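2 protein chains.
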Amino acid sequence: MAGAMETSPLALPFPDLAPISGVRIGTASVPYKNWTRDCVTLVEFAPGTVVAGVTTQSKCPSPEVELCRAKLPGGRARGLIVNAGNSNAFTGAAGRAAAEAQAARVAQVLGCDAAQVFSASTGVIGVPLPVALALDGVDKAHARLGTGDWLAATNAIGTTDTFPKAASTSAMVGGRRVTLVGIIKGSGMIAPDMATMLGFIFTDAAIAPALWQQMLNAAVAETFNCITVDSDTSTSDTVLAFATGAAGNPELASMDDAGADALAAALTDLCRQLAILVVRDGEGAQKLIEVTVTGAVDVASARRIAMSIANSPLLKTAIAGGDANWGRVVMAVGKAGEPAERDLLSIRFGETLVAQGGAVVPGYDEAPVAAHLAGQEVRIGVDLGLGPGRARVWTCDLTHGYISINADYRS
Amino acid sequence: MAGAMETSPLALPFPDLAPISGVRIGTASVPYKNWTRDCVTLVEFAPGTVVAGVTTQSKCPSPEVELCRAKLPGGRARGLIVNAGNSNAFTGAAGRAAAEAQAARVAQVLGCDAAQVFSASTGVIGVPLPVALALDGVDKAHARLGTGDWLAATNAIGTTDTFPKAASTSAMVGGRRVTLVGIIKGSGMIAPDMATMLGFIFTDAAIAPALWQQMLNAAVAETFNCITVDSDTSTSDTVLAFATGAAGNPELASMDDAGADALAAALTDLCRQLAILVVRDGEGAQKLIEVTVTGAVDVASARRIAMSIANSPLLKTAIAGGDANWGRVVMAVGKAGEPAERDLLSIRFGETLVAQGGAVVPGYDEAPVAAHLAGQEVRIGVDLGLGPGRARVWTCDLTHGYISINADYRS
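From first to last, the protein sequence lines are chains A and B. The opening position of the first sequence corresponds to residue -17 in my numbering, with each subsequent residue numbered one higher. The opening position of the second sequence corresponds to residue -17 in my numbering, with each subsequent residue numbered one higher.
Hints are computed from structural coordinates only; laboratory data are not their basis. Because the structure is a prediction, the values reported are computed rather than measured. Quick reminder that beta carbons are idealized off the backbone N, C-alpha and C, glycines included. A few of these clues could be false.
Between beta-carbon pairs, the in silico distance windows are [unchecked claim]: (1) A:Pro321 - B:Gly367: 33 to 39 Å; (2) B:Ala352 - A:Asn16: 17 to 23 Å; (3) A:Gly369 - B:Gly56: 56 to 62 Å; (4) A:Glu359 - B:Ala200: 43 to 49 Å; (5) B:Ala203 - A:Ala240: 56 to 62 Å; (6) A:Gly93 - B:Gln358: 43 to 49 Å; (7) A:Gly369 - B:Gly157: 54 to 60 Å; (8) B:Gly369 - A:Ser3: 51 to 57 Å; (9) A:Ala190 - B:Gly369: 22 to 28 Å; (10) A:Asp280 - B:Gly157: 44 to 50 Å.
Which chain A residues stay away from chain B? Per the calculated CB distances, all over 10 Å, these [said to hold, decoys possible]: (11) Trp17; (12) Ala79; (13) Pro112; (14) Val113; (15) Ala134; (16) Arg159; (17) Asn199; (18) Ser236; (19) Glu272; (20) Lys317; (21) Ala318; (22) Glu323; (23) Arg330; (24) Gly340; (25) Ala353.
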């Protein structure tokens, strides 16, 4: 960790994580920045490992993102290289060449095809990844490959995260227990540069590439795509999921196969844990906010309304101030551009119904709401009364800490 | 003014404003809040006055907005009533009845049809406008109708604005000089409740209702719809424009009529002045930011990209910190969801080209950029290199002041 920031008050302890058979990890230090900590992470996968991935929607992605997009259709991975301290984004041809050179070195040391080496970088943008350091990092990390110190890897992929973020779960698939481990760096403490979320998921399940991608897409839609810190989107956001097959279950090829539901549920659960950890490390976050929208015309509409609420600076500052300002919820619903009928709207803070039928509830008592808002975990519920659409998203409050991190600190 | 806030460092002095023939104004004090200042504004228009208007896009508008929407197709106005201190928003049937009762009282005292009385309210939401006070306000303001103290009216429509905002201009139409005056209250200092922008424009030009509405729509599109403080949208935003016809020019009925272009240009200029004043009073604003996007595929795309930049908390905090963080501009372009080619993108701060062709310019010198960012007026230019689309929008930086106003102050 960069060390300058205090640990988020919403931090959770690092969990116990088992190794994943077929995954070897090495970390190393190179001077991308004036850090002494490890900042290069190399992961070697057993032959046949399947990969799926989701990258940023940004129209200005980093070269690493472009390389991932090009390689993902192949569905197989032997290596992953992650750089922290330099995102290599917006660096033109030089950056692209550096990313390709580093991937080629990984292919060389692992004895595999570069088309099966995946890359991710996070940190300063606009400075091409220094090739010599990048290659040196591969060599050093390769020399340290082992069965996996998850905490070391989690720390090595971080930039200004205030705590290491990881989670695990398991599922029974075809009579075998398969394990899933995820590590993530947040878009949280993003000084001195820009938000990047990098998430890496590892499992020993055996699964066909197309089905694994399908499961990841579905999981991301209701987890990573349902969190927001400040509505901004990185040029480098990447989630990659690797399945080594070492658990020995019969390879899943269809959602109809026995155990596919269980694996998909476990993957979604893991992604949700990781996504909420990112919010818990949001810049300046003092409170975790869960927004649940029900009664929208459909799921997409519910999600847009929920995100409109979660992205509203006025709502987020009200929560920071412990202010039960339900009028700002009305405002955020109204601005979402989605079907909404003011006179059907109801709003809850925690368990308390605050507004219903276009007006505050009769005899509204703010006391239980104020008590709920005084806690670290705030729940806002909105029912639109129009249809079956529902969605849940997570964000954090907007505080002086956010401003300090993003305005007062200089790059 | 509410008095609790310091005047914005970006405030401009109140301009000299001439009376508009056919417009009479009266202001009054009633205790909607514990204010002693005037907070009810009544405007009487000469018979035949034409009205055009644009209201919030919110799906949860106030009753006053609903009434304006219902009456605008009539195209004629005899009265305007504005309440400050209570927005009457999200108040259900009681709020609707209160707004209708107040408009009926205005119609009674002015001797006109209530269908020609327009209403706007701003302030606390969720509390129905107190009918007795609202009617009393009409009577008191009616007793004080005069040829127009613009400063008194501007102060009376304000809530927590830190300075009174108005502008004027003129145009030659059909051989007559016509005058335009606009007063506005900002979505700026919006504590303790929510952003509302109310703008009222008055001219003595003679113009047909359909053409006046057409001109206002065009002016709003590139002025009020091109400003943002925090991306939030009020349930009560309203711009109404009244044309008394007292200047005696031949009534304009088509953009082909002589002088129509001049009036349209003057109206747009006036709206731009008023819109930028709102940004200058943005919550916590220390810097005015102008974002110009060129080279987009079309105007709509240019505007969405410009608004993506202007609404980015990361960019706005960087500007607050005087940080030439052009990477955040790249990020905001990338997340806009509009056509953009990273390797064609160029970015300027002030006059300085910072990035071009997908990378920082060779030998980039941050000194002139830092000097530009140290000023109160910051210009960001983005060229996409794709087409003819261009747009210009205005915003302010995101500072500790915003957080203090919106989180620390309690309603």
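Do the hints match the structure? See the list:
Distance hint check: the CB atoms of Pro321 of chain A and Gly367 of chain B are about 38 Å apart, consistent with the given range 33 to 39 Å. The supplied range of 17 to 23 Å is met by Ala352 of chain B and Asn16 of chain A, whose beta-carbon atoms lie about 22 Å from each other. Taking the beta carbon of each, Gly369 of chain A and Gly56 of chain B are about 35 Å apart, not inside 56 to 62 Å as hinted. Between Glu359 of chain A and Ala200 of chain B the beta carbon distance is about 48 Å. The supplied range of 43 to 49 Å therefore holds.
Against the hinted window of 56 to 62 Å, the Cβ-Cβ separation of Ala203 of chain B and Ala240 of chain A comes to about 58 Å, which satisfies the hint. Evaluation of the 43 to 49 Å hint for Gly93 of chain A and Gln358 of chain B yields a failure: the beta carbon distance comes to about 60 Å. One distance hint, 54 to 60 Å for the beta-carbon pair Gly369 of chain A and Gly157 of chain B, holds here, with the actual separation near 58 Å. For the pair Gly369 of chain B and Ser3 of chain A, the supplied restraint of 51 to 57 Å holds, since their beta-carbon distance comes to about 53 Å.
The beta-carbon spacing between Ala190 of chain A and Gly369 of chain B, approximately 43 Å, falls outside the hinted interval of 22 to 28 Å. The given range of 44 to 50 Å is broken by Asp280 of chain A and Gly157 of chain B, whose C-beta atoms sit roughly 58 Å from each other. For Trp17 of chain A, the non-interface assignment is confirmed: its Cβ lies about 19 Å from the closest Cβ of chain B, beyond the 10 Å cut-off. Distance to chain B confirms Ala79 of chain A as a non-interface residue, since its nearest Cβ pair spans about 12 Å, more than 10 Å.
Listed as a non-interface residue, Pro112 of chain A keeps its Cβ farther than 10 Å from every Cβ of chain B; the least gap is roughly 15 Å. At the 10 Å boundary, the C-beta of Val113 of chain A stays outside the reach of chain B, the nearest C-beta of that chain being 16 Å off. The claim that Ala134 of chain A lies off the interface holds: its Cβ sits roughly 28 Å from the closest Cβ of chain B, which is beyond the 10 Å cut-off. Separation of Arg159 of chain A from chain B is adequate, the least Cβ-Cβ distance of about 40 Å exceeding the 10 Å criterion.
Once the 10 Å rule is applied to beta carbons, Asn199 of chain A is consistent with being away from chain B; the minimum gap is 19 Å. Its beta-carbon lying about 33 Å from the closest one in chain B, Ser236 of chain A satisfies the requirement of being farther than 10 Å from that chain. The beta carbon of Glu272 of chain A is kept farther than 10 Å from every beta carbon of chain B, the shortest such distance being approximately 19 Å. A beta-carbon of chain B is positioned within 10 Å of the beta-carbon of Lys317 of chain A; the least distance is around 4 Å.
At roughly 7 Å from the closest C-beta of chain B, the C-beta of Ala318 of chain A falls inside 10 Å, breaking its exclusion from the interface. Non-interface call for Glu323 of chain A relative to chain B: violated, since the shortest CB-CB distance, roughly 8 Å, does not exceed 10 Å. At roughly 15 Å from the closest C-beta of chain B, the C-beta of Arg330 of chain A stays outside 10 Å, upholding its exclusion from the interface. Its closest Cβ contact with chain B, about 4 Å, brings Gly340 of chain A to no more than 10 Å, contrary to its assignment away from the interface.
Every Cβ of chain B is farther than 10 Å from the Cβ of Ala353 of chain A; the closest lies at roughly 15 Å, confirming the non-interface assignment.
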